[in-house]
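Number of protein chains: 2
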Amino acid sequence: MPNRVQVLFGIQYPIIQAGMVWCSGWKLASAVSNAGGLGLIGAGSMSAEILQEHIRRCKQATDKPFGVNLPLLYAGIEQQIEVLQQEGVKIVFTSAGNPKLYTPRLKDMGMTVVHVVSSIKFALKAQESGVDAIVAEGFEAGGHNGREETTTLCLVPAVVQTVSIPVIAAGGIASGRAMVAAMVLGAEGVQVGSRFAVCEESSAHQAYKQAVWQAKEGDTVLTLKTLTPVRLIRNEFCERVRLAEAAGATVEELKQLLGKGRARKGIFEGDLQEGELEIGQVSMLLNHPEKASAIVESIWQEFCDVKKQLANTDI
Amino acid sequence: MPNRVQVLFGIQYPIIQAGMVWCSGWKLASAVSNAGGLGLIGAGSMSAEILQEHIRRCKQATDKPFGVNLPLLYAGIEQQIEVLQQEGVKIVFTSAGNPKLYTPRLKDMGMTVVHVVSSIKFALKAQESGVDAIVAEGFEAGGHNGREETTTLCLVPAVVQTVSIPVIAAGGIASGRAMVAAMVLGAEGVQVGSRFAVCEESSAHQAYKQAVWQAKEGDTVLTLKTLTPVRLIRNEFCERVRLAEAAGATVEELKQLLGKGRARKGIFEGDLQEGELEIGQVSMLLNHPEKASAIVESIWQEFCDVKKQLANTDI
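As you go down the protein sequences, you meet chains A and B in turn. Following the numbering used here, the numbering of the first sequence begins with 1 at its first residue and continues without gaps. Following the numbering used here, the numbering of the second sequence begins with 1 at its first residue and continues without gaps.
Hint data in this document are derived by calculation from the structure and do not stem from the laboratory. Just so we're clear, the structure is a prediction, and the values are computed from it rather than from any experiment. Hints may be right or wrong, so weigh each one.
The list treats identical chains as interchangeable, and a pair is accepted whether it falls inside one copy or across any two copies.
[Stated by the list, open to error] Listed below are the simulated SDA-like cross-link pairs for lysine to any residue, each with C-alpha atoms no more than 20 Å apart in a straight line:
hint : residue 1 : residue 2
1    : Lys100    : Thr223
2    : Lys121    : Lys216
3    : Lys100    : Arg57
4    : Lys225    : Ala249
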């Protein structure tokens, strides 16, 4: 019997590849979908034209379901939604914005809509807006993150007991063991970011991938909390933010310090000191390149093995 | 077949009650031990004389194994160790200090020694010092906490793959489901703090317990990061720390602001605005009084039930 997440997307394994800026183009999304998971194209780093091209290529590369991650605060959102409609995209994960503004429209276009949240409060708002499922993303996750700093271990059971729609766990999940842990807490699927961000099909710069493989415990930090909290590998840019915040910088000054295009600079161009190197805490457990299909298979195999072992041990 | 943590302590269930300041006297520790877990007396809020009294009463109240949590940076540590030796205490959990300075002595006295860490680095140091097991405590835990901010979901598997001695998971664990999650990540036992901090046998003030039951997501914060990071319920004191830090306060100024005895004031005297209200993020899931024995039984029962369910579901 498949669970609600498998049924909702029509996928073999409830393993979703996060739609990450500068990492998740058609190559990554189609590879994950072909392997039985759900691949997502990350629209947050794409113009409408580029997004259209990635969707078209993805359709050519796989006949399995795939989706698009759409950050709702993106300036070009209207053009992007037009592209999704034109291309007949069936699955949309929305994030970073108010789901009430867009969910009814996306649902009217016949799409399955999932919203990413970092709190019970926003999980409820998302459910009320009519989404089909929720991604509950904990403090350990890479990239943009919640102000409550609630970890996956605390957030997932709290969201599961609050909403009735399926919950997908995210943050700190890069293995079959972590997937079992998430499912035990009540999730019906997992969204994996970091491990896919550095796989072969990720369009991230090789220098960024190397930096992730080398990252140890404590090497990522949730920074820019006075603007929008974001988890990055510590580098010169992070240090300047720290010094500015310690010196009492205003929001305006921090915005100026951040400027534009730092995620592109870090992830896509490989500028390790001036770029934003978005990645999760779980990077401490990642240290080598892999194919996307191998990641899906390894997570699923470990998930099944660990479940079997659990049943056969006294404790 | 019992696992290594059950064997090490001679306990029925690998559920350890954290030795928490102002909460964990003989009443709580003996209640947990009598219920089949491992109760710990929290020496961090006790003089040597008070500690001796609690150990003696605990011995009268239970014939099951119990232990003492000993913060190694405590000023009265030498007198406390003397008391442990005099009273023949068999199990010591050390925390907040260098295990190399004390482990050999405690081992020579015939004690089983466990050290609490928040990083791989300190887990290795603890293992090298000769401890019998490690508590790996994540960012979501209450009270004093690590600088790396690594969550339980990321920390536990990382520590498990680094050391060979048994690992006990802590931080965010207050249910049988969370216990399954921790064990799946490789832990062989769990240390539960928050849920026991507000149980009937906890010596904490009723007003503190009420504050914990009322705490929602985002209501705890890891603060005083420039001194020693500590997770507290947000209150006037936390806000003053935040303002001081934003204004660039020096370490000396923060020490002065902190002063002495704030944990006592908050937890034991119930001063909700001026006291330090140490508690974990998982407080968001706690909302009513319970007996310590009921907590042990409920965690264990849920742990067994969830394991059984897992074995019988396709996903």
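Exercise for the section: Could you check the structure against the hints above and give me the numbers of any it violates, in ascending order? Expected result: When the structure is compared with the hints, numbers 1, 3 turn out to be violated.
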